[in-house]
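**Student:** The chain contents come next:
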Amino acid sequence: MTNPTTTLGNGAAAEAGDVPANAMADGVETSATPRHHLLDLDDLSSAEITELLDSAEGMLEITGRDVRKTPALRGKTIITMFFENSTRTRVSFEQAGKIMGADVINVTASASSVSKGESLLNTVKTLQAMQIDALVVRHPHSGAPYFISNHTDAAVVNAGDGTHAHPTQSLLDLFTVRNHVGDMSGKKIAIVGDVLYSRVARSNIIAFQKMGAEVTVSCPNTLIPDEWQLGSTLGDETGFGGLRLANNVDEAVDSADVVMALRIQQERQDAGHLPSLREYSDRWGINSARMALANDDALLMHPGPMNEGVEIASDVAHGAQSVVEEQVRNGVAVRMAVLYALCAPGKSTRIANSDSNAGDEA
Amino acid sequence: MAARKLAITGGRVIDPAQGIDRVADVLISNGVVEAITDSSSGSAPDGYEQIDASGKIVAPGFVDLHTHLRDPGQEWKETIVTGTRAAAHGGFTTISAMPNTDPVQDSAAVVDDVMRRAAADGVVRVLPIGAISVGQKGKQLAPMGELADSGVIGFSDDGNPVADANLMRQALSYAVELGLPIINHAEDKKIGAGGVMSAGTVATRLGLAGVPAEAETAMVARDLHLADLTKARLHIPHISTMGSLVALRSAKECGVDVTAEVTPHHLTLNDEWVFGLHGEIPAVVGSEAYDTNTKVNPPLRSRADVEAVIEALSDGLIDIIATDHAPHAATDKVCTYNEAAHGINVLETAFSSVFQLVDAGKLSVVRLIESLTAGPAAILKKDLGSLKKGFSADVAIIDPGSKWVVDPTKFESKSVNSPLTGVELAGRVVQTIYQGETVFELSAVAGAKQ
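Chains as they are written, first to last, in our numbering: chain A, 1 to 362; chain B, 1 to 450.
In case anyone wonders, no lab produced these hints; they're calculated from the structure.
Ideal placement from N, C-alpha and C gives every residue a C-beta, glycine not left out.
Worth double-checking, as some hints may not be accurate.
Said to hold, decoys possible - So, partial list: chain B residues that the calculated Cβ filter (under 8 Å) puts toward chain A:
#, residue
1, 148
2, 335
3, 357
Stated by the list, open to error - Listed next, with one range per pair, are the computed distances between beta-carbon atoms:
#, chain 1, residue 1, chain 2, residue 2, range
4, A, 242, B, 179, 55 to 63 Å
5, A, 318, B, 280, 25 to 33 Å
6, A, 68, B, 282, 51 to 59 Å
7, A, 235, B, 405, 31 to 39 Å
8, B, 109, A, 279, 53 to 61 Å
9, B, 76, A, 110, 27 to 35 Å
10, B, 342, A, 110, 24 to 32 Å
11, B, 179, A, 119, 40 to 48 Å
12, B, 282, A, 130, 31 to 39 Å
As the list claims (entries may be wrong) - Residues of chain A placed beyond 10 Å of chain B at every Cβ, according to the derived structure:
#, residue
13, 63
14, 120
15, 239
16, 306
17, 326
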């Protein structure tokens with residue numbers, strides 16, 4: 001493990017209780033500007049990403065303790081608002097908040113006033129009126145967290161918006177890879193799956209490229225944007241400059257350091273993107289033969305939930321190269337780091353504007 | 001109509017229907033145009049009230065073939081009163097009421113109601129458009145003969161493309177006898193299923209589902225072939241893709257009886273506006289992105305498409321400009337991009353926004369005015385859109401130098417859904433005259449009228 005010494009923004013260790021120093025160093029000046037929201041990774045520099053990952057190292061240590069509790073976010077209220085079904089991401093955020101002592105309230109669309117037709121705007125305004133510190137949002141519409149961030153003072157964390165972004169998934173993927181390979185520059189990352197509809201793919205392309213890795217994707221031509229061409233490398237005007245679009249999956253995984261399979265949905269077959277899941281599995285599924293093309297110590301990743309036997313064969317999914325469970329475990333630590341960076345005393349602009357104890361963040 | 005006489009003096013009179021572009025006086029009497037005379041001493045003849053238009057452009061009142069008035073049925077978005085006032089504000093003296101009201105304008109009863117209330121409450125002329133199919137459902141033809149008898153100027157299921165090719169064929173064929181155009185929103189909904197903006201780099205970056213240009217092009221091509229088959233009149237609304245223009249040019253060369261319109265927004269805005277920075281491409285997507293006021297159907301297209309429609313309007317391939325004025329309430333726009341309603345509030349910015357192309361040297365001011373006056377009047381086959389002697393005295397007076405910043409809260413329209421908020425435009429309509437009466441006059445403008 002690395003032993004980092006910096007965090008996002010100014011630390012407030014006096015309030016932070018027994019959180020280890022490497023999770024939140026006291027008073028360290030950093031290049032990062034205190035930020036209010038985490039909407040995507042495109043506006044974070046590699047240095048800021050590194051700071052978050054460093055902070056997550058300390059958080060991971062806490063999650064491994066016998067008594068998993070710190071008072072770092074005691075008195076803070078975090079609402080998770082999930083307009084799509086989710087187990088791992090919602091529970092991961094909830095656990096992250098609770099370990100740090102925050103009060104975490106879970107709102108789901110089906111059990112909320114949304115099902116009575118209340119608009120997203122009014123739902124947000126209602127929650128805002130209850131003095132919350134952070135809103136963790138999963139929404140089926142791309143851009144929903146951006147919209148929400150315009151209508152609340154709370155820190156907004158994007159927990160997945162439509163087909164756009166899933167920044168905490170990418171942070172946990174970076175964290176997982178970093179723990180195995182260290183410096184990611186020059187590493188070859190192969191992402192195999194539904195790029196057109198995958199927010200994980202988009203955020204991970206941006207994230208790994210920011211850290212200096214070379215990213216290649218492979219998927220059926222029906223599952224990339226029309227303006228992308230298989231066998232090409234994207235230019236900067238696309239927003240994904242340098243991304244390699246492999247002609248086939250073997251080309252993508254060849255000599256890869258990381259192979260990431262993405263979930264393929266039954267809906268893609270139903271909508272005509274695929275002849276069948278069987279054919280997808282045959283041509284794009286990650287199995288032992290394809291893993292053999294990658295580097296010997298290549299990592300196999302999957303953001304979950306997995307369709308074993310479709311995009312990933314069961315033997316490799318649970319094999320020695322798989323880090324799938326590690327990804328889930330790291331997710332809690334990474335989300336602790338994110339919530340701490342946004343909500344800890346002296347961290348958010350909301351607190352800076354309303355709390356005289358907010359320190360020097362005028 | 002008022003018996004008084006008006007003289008609009010000293011302006012640059014541009015009346016493309018008569019080939020006029022010179023400094024002249026326009027004399028109005030009893031609500032109709034009396035004469036265009038050489039500009040005299042700058043004063044009005046005896047007995048005439050003077051409007052000093054020196055330094056201004058004097059044009060026929062604009063004619064819009066594509067307006068959504070939302071009345072009846074969605075009066076919280078717009079009404080006949082507010083919609084016609086917005087029209088007057090934008091220099092329009094004739095607008096066309098699209099039939100996607102509630103109830104739909106698919107019977108004489110509804111059309112008669114709209115026309116009666118427009119005559120009573122509207123400040124400009126309203127011409128109704130009838131539905132192609134009952135309830136705009138695309139299943140059964142609406143009573144097109146009955147609608148024609150009640151005065152509709154064409155048929156459209158706007159917003160709902162006629163997906164059934166045979167129904168479209170029959171509608172075109174049936175309309176031949178009526179002499180009226182079929183106006184079909186051309187979009188194959190299957191091709192871009194679920195799309196909320198134009199497909200391309202911007203959609204991909206924002207993670208928004210994209211509609212390819214081909215969704216429009218494919219149906220435009222189908223409709224052109226069906227118009228050729230039936231020898232009917234086809235009017236293509238809000239044409240927006242390069243592919244559609246290729247098909248249109250080919251059809252016109254083959255003698256198909258087709259006309260086409262383009263909107264001010266498809267002439268001036270591209271899909272990069274969805275980033276929310278007035279067309280600037282950001283390095284990082286910010287919270288201003290997903291600007292729902294840019295959501296419109298057809299979607300804002302690529303830069304190349306925009307350049308192509310400008311050129312096609314300029315060279316006459318595209319016949320006219322129509323607004324597709326589509327007011328929506330805040331609840332339809334203060335939401336996620338997916339949830340937002342399609343449509344832009346256009347009437348009050350239409351002329352000024354396209355005038356940017358004049359300033360940029362891409363379009364002549366005469367062609368711009370022609371596409372808002374003589375062009376649509378020719379499609380209507382009505383005595384409108386010109387300052388010919390005896391025509392209704394409908395006039396738009398424009399100050400080409402007057403700059404203004406778009407502030408939708410000051411719109412006459414009931415809604416504020418404009419992506420141009422905060423944009424500075426020039427070429428402002430400063431006065432609108434309908435049947436000899438001033439229905440809009442901008443106050444407190446430098447060099448203002450008497």
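**Student:** Evaluate each hint against the coordinates.
**Tutor:** Here is what the structure says about each hint:
1. 148: Since the shortest Cβ distance to chain A is 41 Å, the answer is violated.
2. 335: 6 Å, holds
3. 357: Where the cut-off is 8 Å and the nearest Cβ of chain A is about 25 Å from residue 357(B), the hint is violated.
4. 242(A) - 179(B): 55 to 63 Å: 59 Å, holds
5. 318(A) - 280(B): 25 to 33 Å: The hinted range 25 to 33 Å is violated for residue 318(A) and residue 280(B), with Cβ atoms some 49 Å apart.
6. 68(A) - 282(B): 51 to 59 Å: About 40 Å separates the Cβ atoms of residue 68(A) and residue 282(B), which means 51 to 59 Å is violated.
7. 235(A) - 405(B): 31 to 39 Å: 36 Å, holds
8. 109(B) - 279(A): 53 to 61 Å: Because 56 Å falls inside the window, the suggested range holds.
9. 76(B) - 110(A): 27 to 35 Å: 29 Å, holds
10. 342(B) - 110(A): 24 to 32 Å: About 28 Å separates the Cβ atoms of residue 342(B) and residue 110(A), which means 24 to 32 Å holds.
11. 179(B) - 119(A): 40 to 48 Å: 46 Å, holds
12. 282(B) - 130(A): 31 to 39 Å: At roughly 33 Å between Cβ atoms, residue 130(A) and residue 282(B) fall inside 31 to 39 Å, so the hint holds.
13. 63: 31 Å, holds
14. 120: About 6 Å separates residue 120(A) from the closest Cβ of chain B, which leaves it inside 10 Å; violated.
15. 239: Incorrect as stated: the minimum Cβ-Cβ distance to chain B is 4 Å, not above 10 Å.
16. 306: 23 Å, holds
17. 326: Residue 326(A) clear of chain B: closest Cβ-Cβ about 27 Å, beyond 10 Å.
Violated hints for the displayed structure, listed by number in ascending order: 1, 3, 5, 6, 14, 15.
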